[in-house]
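2 protein chains.
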Amino acid sequence: MEGIRVVDITTALSGPFCTWLLGSLGADVIKVEPPQGDSARAAPPFRSDISLYFASVNRNKRSIILDLKTEEGKEALHRLMKSADVLVENMRPGVRDRLGFSDQDLNVINPRLIVAHISGFGQSGPLSHEPAYDIVVQAMSGVMSINGPMGGPPTRVGFSAGDIVASLFTALGIMQRLYERDALRCSGLDHVDVSMLACQWACLENAFARYLNAGIVPEPIGSRHPSLTPFETYPSQDVDFVIALSGSWDWPKFCQTIGRSDLVADVRFEDDENRLENRDALDDILGAHFKARPASYWLTVLKSASIPCALIENIESIATSPLADAYNAFSKVETSDGEIMRFVRNPIARLGSTETPAPQLGEHTAEILKELGL
Amino acid sequence: MEGIRVVDITTALSGPFCTWLLGSLGADVIKVEPPQGDSARAAPPFRSDISLYFASVNRNKRSIILDLKTEEGKEALHRLMKSADVLVENMRPGVRDRLGFSDQDLNVINPRLIVAHISGFGQSGPLSHEPAYDIVVQAMSGVMSINGPMGGPPTRVGFSAGDIVASLFTALGIMQRLYERDALRCSGLDHVDVSMLACQWACLENAFARYLNAGIVPEPIGSRHPSLTPFETYPSQDVDFVIALSGSWDWPKFCQTIGRSDLVADVRFEDDENRLENRDALDDILGAHFKARPASYWLTVLKSASIPCALIENIESIATSPLADAYNAFSKVETSDGEIMRFVRNPIARLGSTETPAPQLGEHTAEILKELGL
Chain A
1 MEGIRVVDIT
11 TALSGPFCTW
21 LLGSLGADVI
31 KVEPPQGDSA
41 RAAPPFRSDI
51 SLYFASVNRN
61 KRSIILDLKT
71 EEGKEALHRL
81 MKSADVLVEN
91 MRPGVRDRLG
101 FSDQDLNVIN
111 PRLIVAHISG
121 FGQSGPLSHE
131 PAYDIVVQAM
141 SGVMSINGPM
151 GGPPTRVGFS
161 AGDIVASLFT
171 ALGIMQRLYE
181 RDALRCSGLD
191 HVDVSMLACQ
201 WACLENAFAR
211 YLNAGIVPEP
221 IGSRHPSLTP
231 FETYPSQDVD
241 FVIALSGSWD
251 WPKFCQTIGR
261 SDLVADVRFE
271 DDENRLENRD
281 ALDDILGAHF
291 KARPASYWLT
301 VLKSASIPCA
311 LIENIESIAT
321 SPLADAYNAF
331 SKVETSDGEI
341 MRFVRNPIAR
351 LGSTETPAPQ
361 LGEHTAEILK
371 ELGL
Chain B
1 MEGIRVVDIT
11 TALSGPFCTW
21 LLGSLGADVI
31 KVEPPQGDSA
41 RAAPPFRSDI
51 SLYFASVNRN
61 KRSIILDLKT
71 EEGKEALHRL
81 MKSADVLVEN
91 MRPGVRDRLG
101 FSDQDLNVIN
111 PRLIVAHISG
121 FGQSGPLSHE
131 PAYDIVVQAM
141 SGVMSINGPM
151 GGPPTRVGFS
161 AGDIVASLFT
171 ALGIMQRLYE
181 RDALRCSGLD
191 HVDVSMLACQ
201 WACLENAFAR
211 YLNAGIVPEP
221 IGSRHPSLTP
231 FETYPSQDVD
241 FVIALSGSWD
251 WPKFCQTIGR
261 SDLVADVRFE
271 DDENRLENRD
281 ALDDILGAHF
291 KARPASYWLT
301 VLKSASIPCA
311 LIENIESIAT
321 SPLADAYNAF
331 SKVETSDGEI
341 MRFVRNPIAR
351 LGSTETPAPQ
361 LGEHTAEILK
371 ELGL
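From first to last, the protein sequence lines are chains A and B.
The letter at position 356 of the first sequence is residue 356 when you use my numbering, and the numbering goes up by one with no holes.
The letter at position 158 of the second sequence is residue 158 when you use my numbering, and the numbering goes up by one with no holes.
Read the hints as simulated data drawn from the structure, not as lab findings.
Remember, predicted model here, so these are calculated numbers, not experimental data.
Careful: at least some of the hints might be erroneous.
Pairs count within a copy or across copies, as identical chains cannot be separated in the list.
Derived pair list, reagent style DMTMM-like, types lysine to aspartate or glutamate, alpha-carbon separation capped at 20 Å [claimed, not checked]:
#1 82 x 130
#2 82 x 280
#3 253 x 339
#4 253 x 130
#5 82 x 316
#6 82 x 273
#7 370 x 284
#8 370 x 103
#9 303 x 271
#10 332 x 89
#11 303 x 130
#12 303 x 71
#13 303 x 363
#14 82 x 190
#15 82 x 238
#16 69 x 89
#17 74 x 337
#18 69 x 2
#19 370 x 272
#20 69 x 238
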């Protein structure tokens with residue numbers, strides 16, 4: 001993405017994660033901040049007064065302070081947009097009209113700009129002016145309604161799925177529009193209007209397919225899979241572990257592998273549909289069987305038969321595992337204070353690409369204004 | 001994406017969801033299936049013998065049956081790859097070498113091909129040959145360890161986050177490599193090596209940032225947010241609802257809005273860090289307060305002050321709500337049997353773009369072979 005300039009007027013998570021993705025793929029990302037800075041700079045926890053929430057998703061960017069309530073600020077923003085390929089903004093619809101970059105303004109400023117909008121509910125429609133944060137979108141989209149313990153309350157997904165999935169769709173939409181502009185020679189201002197709500201719905205494609213075409217209303221089912229079993233968590237003599245069978249042809253092999261060939265002939269479990277119908281009975285049998293030995297035994301046996309299975313790791317066990325290094329999980333950045341901080345890498349960035357730390361507020365204001373001739 | 005041809009040799013979910021994204025953005029996606037078909041065709045539930053799991057993520061594709069164990073099958077695949085821009089495959093590393101399209105083969109067949117690999121653990125590294133499905137990756141990545149009820153067991157995210165997030169990263173990587181090839185005129189075979197594991201780690205950027213730089217080990221915290229409060233589920237007189245404050249400057253407004261101005265001066269709650277430290281006490285106070293009136297009352301009051309809040313919807317309440325239509329949530333397709341089926345739309349596809357139903361197994365074999373001159 002060398003040579004692609006992205007003007008980033010976003011705060012919090014959905015916008016910054018999107019532009020972090022683009023920056024770590026080589027784009028020149030300029031983060032425009034108001035004099036008080038992105039509100040995420042104040043999100044705890046901190047290390048050496050740097051918000052870790054902010055520092056993680058604002059790597060590989062330069063920061064310029066612009067007060068968009070002043071004429072000078074607006075003028076600088078216009079120059080910046082004129083020099084850019086992409087604008088990403090996650091203001092509430094309508095706000096940017098008052099700040100001098102409505103659709104009409106943008107068409108005059110830079111008629112080749114790809115403009116990505118991220119909002120809770122899109123640029124138009126009955127909810128477009130309502131504020132939204134991750135949990136609001138997870139609640140309204142139905143994501144919470146299928147996440148959590150079986151029979152228990154709807155539960156927020158433990159990472160900010162409402163934001164992060166919207167970030168990914170936005171980055172994809174930007175790349176697609178850029179491709180159409182520069183490789184397929186389409187012309188004119190183009191928009192990507194991303195609603196966090198619709199992005200969560202896309203994650204629920206299976207749940208909606210089941211409801212819309214078979215009348216099934218999915219609910220939280222703990223660690224079970226809605227249409228496959230065994231594909232869930234099981235107890236053992238010591239710790240829980242997971243098993244994932246891909247379909248019926250693995251079933252006989254699975255039964256033999258765990259020493260329960262008797263189950264192969266059991267009509268209650270003979271195919272996916274029967275196993276789903278009788279999954280409580282099956283889980284009772286398997287649970288009792290697995291409790292006789294430790295998880296390490298079962299993992300060894302199952303892996304020798306190429307049956308997908310795993311221990312349930314946590315953040316610490318992963319970060320301290322040799323796997324993290326083997327898979328280049330993390331990148332190091334050195335802040336201007338000489339602090340070394342580590343964060344997750346972009347999994348599709350080329351190996352060997354380096355990252356720069358999240359900028360201090362306005363760190364590059366003078367440099368960028370100079371580049372713009374101001 | 002008109003004119004971009006994608007050869008799709010994937011099964012199950014991570015690959016098909018990725019190529020559905022590309023197809024719904026206009027690419028010509030050709031799904032190569034073995035004589036017995038994608039195993040997902042057998043995944044319940046069914047409508048008119050069509051797997052809904054399969055039908056949802058294989059829209060906008062043509063299906064060709066190729067037996068890659070025969071010379072004719074290999075020859076047809078080579079011709080197809082020669083005609084294509086992108087190849088997406090989610091076989092286990094090494095399998096394709098035996099099927100005649102190793103990296104060396106591909107470089108001869110089509111030196112301009114963008115090759116995307118989706119696997120559990122990447123094309124190289126200590127786990128590259130291990131099989132993986134969604135729950136295995138959710139378990140091994142740490143995602144399960146931060147999802148679920150507070151103090152409760154690690155819980156699988158209720159949608160297939162392990163697959164879907166990998167699909168999104170792969171589609172993004174493909175678009176970026178295509179852009180570099182066709183707009184920036186980079187040349188030569190290019191790869192996107194996507195591991196589902198690393199994609200889950202990217203979703204955990206905040207959790208890892210906290211551990212790597214502040215030693216915090218995140219755990220399941222139900223519907224709470226790790227670094228913001230109030231940003232969670234609350235009870236009311238009738239149903240639960242969610243509130244999402246964005247930061248400290250909303251706090252005084254929030255207290256006044258709900259009729260608890262007395263809390264503004266309470267030092268336990270004066271900023272984000274104090275509220276996080278005293279969140280149990282705060283939740284007790286707010287929970288008791290909200291229980292005095294129904295959720296509808298609180299939503300009206302909070303929305304009038306522009307404080308993000310929502311009811312927790314489920315799949316049925318959304319599908320039957322006017323919002324689904326207002327936001328073009330679903331598209332209709334008509335199968336060759338005349339069945340009308342509905343599925344979630346790609347949220348970044350242009351409005352008005354239509355979708356074709358998932359193909360029958362081998363539906364387009366003759367048509368595609370003819371196009372290839374075979």
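Taking the hints in turn, this is what the structure says about them:
no.	hint	in the structure
1	82 x 130	neither (30 Å within a copy, 49 Å between copies)
2	82 x 280	neither (62 Å within a copy, 50 Å between copies)
3	253 x 339	neither (52 Å within a copy, 37 Å between copies)
4	253 x 130	between (53 Å within a copy, 17 Å between copies)
5	82 x 316	neither (45 Å within a copy, 46 Å between copies)
6	82 x 273	neither (58 Å within a copy, 40 Å between copies)
7	370 x 284	neither (70 Å within a copy, 53 Å between copies)
8	370 x 103	neither (27 Å within a copy, 46 Å between copies)
9	303 x 271	neither (22 Å within a copy, 50 Å between copies)
10	332 x 89	neither (28 Å within a copy, 31 Å between copies)
11	303 x 130	between (50 Å within a copy, 8 Å between copies)
12	303 x 71	neither (65 Å within a copy, 33 Å between copies)
13	303 x 363	neither (51 Å within a copy, 37 Å between copies)
14	82 x 190	within (15 Å within a copy, 32 Å between copies)
15	82 x 238	neither (62 Å within a copy, 53 Å between copies)
16	69 x 89	within (17 Å within a copy, 50 Å between copies)
17	74 x 337	neither (32 Å within a copy, 58 Å between copies)
18	69 x 2	neither (32 Å within a copy, 42 Å between copies)
19	370 x 272	neither (65 Å within a copy, 37 Å between copies)
20	69 x 238	neither (61 Å within a copy, 44 Å between copies)
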